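S.K.: Sequence:
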Amino acid sequence: MSAEWRPVRQSRTHELVLERIEERVLAGELKAGDRLPPERELAPVLGVSRSALREALRVLETIGVLVAQAGRGPDAGARIVRNPDDALGRLLRLHFALGSYSLQDVLEARVVLERSSFEAAAEHAPAGGLDEAEALLARMQEPGVGVDDFNDLDTRFHVAIARSSGNQLTSTLTSAVRESVRPLILRALETAEDWPATAGALNAEHTELLRLVRAGKGAKAADLVEAHIRGFHGTLVDEKPQAGGAGEADREREADDADQAGDAPGAGDAAEAAREG
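In our numbering, the protein residues as written are 1203 to 1479.
The set of hints was computed from the structure by calculation and includes no laboratory data.
Quick caveat, the model's predicted, so the values are computed rather than measured.
Worth double-checking, as some hints may not be accurate.
In the EDC-like style, the derived pairs of lysine to aspartate or glutamate whose C-alpha atoms are separated by at most 20 Å in a straight line are [claimed, not checked]: (1) K1233 with E1263; (2) K1233 with E1221; (3) K1419 with D1396; (4) K1419 with E1344; (5) K1419 with E1407; (6) K1422 with E1325; (7) K1422 with E1336.
The calculated label-pair distances, taken between Cβ atoms and stated as ranges, are [claimed, not checked]: (8) P1240 with D1351: 39 to 45 Å; (9) P1398 with E1428: 22 to 28 Å; (10) V1247 with Q1370: 31 to 37 Å.
We put the beta carbon where it would ideally sit given N, CA and C, even for glycine.
Please build the complete structure, drawing on both the sequences and the hints.
M.R.: Encoded structure:
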């Protein structure tokens, strides 16, 4: 067992274990694909209980940098991985549901990210780099595609374009931001008065977006993807907030702000204007 693993202090033990593992990752001593020592070896070297070590490992698994396999054999144990997409999407989805971010926040973040990714994809996408987006679009255009499948394919289409831009971080953030509002967008699609017409309109925009990217017309693709996002996602922002979820949390924050402002002139008007905007 390597002597480089040093004991940690006992207060907030699992957080200190996280710090120790993070130190080794930042120092380049742990890389994606590396395995951690077995719990029975690592816990005593760090000077912590196995339950505290497991708690730290569960946190790392949740944030997408570790995968743990139970049992025995060559695949058992904890292994460092790189899997940020699902973890960030889950995190943003929870914070959105709790009201940490408004629909307007998410809308503007999507616009910034996707303008950048579509413009970069038009300039940098390698030969064959857009084939995945093409295949996803073909599946979205199949007769009788259901709303749930369409929503999934739609997300993957936008992420595929972002990935072809060559910027992995932009791709990950695009996926996470889109995933954060996936349930809301799904409900909006499900309530569309004419689903075939809605799907057809969205696919017409997807088709033109892909054509522009393939043609290297990045500025036009960026403008169109902004209009595409604001056109559908924007209708969600314009809707009246419903009880619970992010809308309710937004109103609660506005009420708190108004309370803190006291009877300052215009405070109530500002909160009302924010709700209407």
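S.K.: At the C-beta level, are V1247 and Q1370 separated by a distance inside 31 to 37 Å?
M.R.: holds, 34 Å
S.K.: Take the C-alpha atoms of K1422 and E1325, compute the straight-line distance between them, and say whether it is at most 20 Å.
M.R.: Roughly 12 Å separates the two Cα atoms, so the pair holds.
S.K.: Between P1240 and D1351, does the beta-carbon spacing fit 39 to 45 Å?
M.R.: holds, 42 Å
S.K.: Does the Cβ-Cβ separation between P1398 and E1428 fall within 22 to 28 Å?
M.R.: holds, 25 Å
S.K.: Against the 20 Å threshold, does the CA-CA distance of K1233 and E1221 hold or violate the hint?
M.R.: holds, 16 Å
S.K.: Compare the distance between the alpha carbons of K1419 and E1407 with 20 Å, and conclude whether the hinted pair is satisfied.
M.R.: Given that 20 Å is the threshold and the Cα spacing comes to 15 Å, the pair holds.
S.K.: Does the alpha-carbon distance linking K1233 and E1263 stay inside the 20 Å limit?
M.R.: holds, 15 Å
S.K.: Given the hinted pair K1419 and D1396, is their alpha-carbon gap at most 20 Å?
M.R.: violated, 32 Å
S.K.: Check the hint pairing K1419 with E1344 against an upper bound of 20 Å on the C-alpha distance.
M.R.: Not satisfied, since the Cα-Cα distance of roughly 27 Å exceeds 20 Å.
S.K.: Mind checking the alpha carbons of K1422 and E1336 for me, to see if they're no more than 20 Å apart?
M.R.: Given that 20 Å is the threshold and the Cα spacing comes to 19 Å, the pair holds.
This entry does not satisfy hints 3 and 4, going by the numbered hints stated previously.
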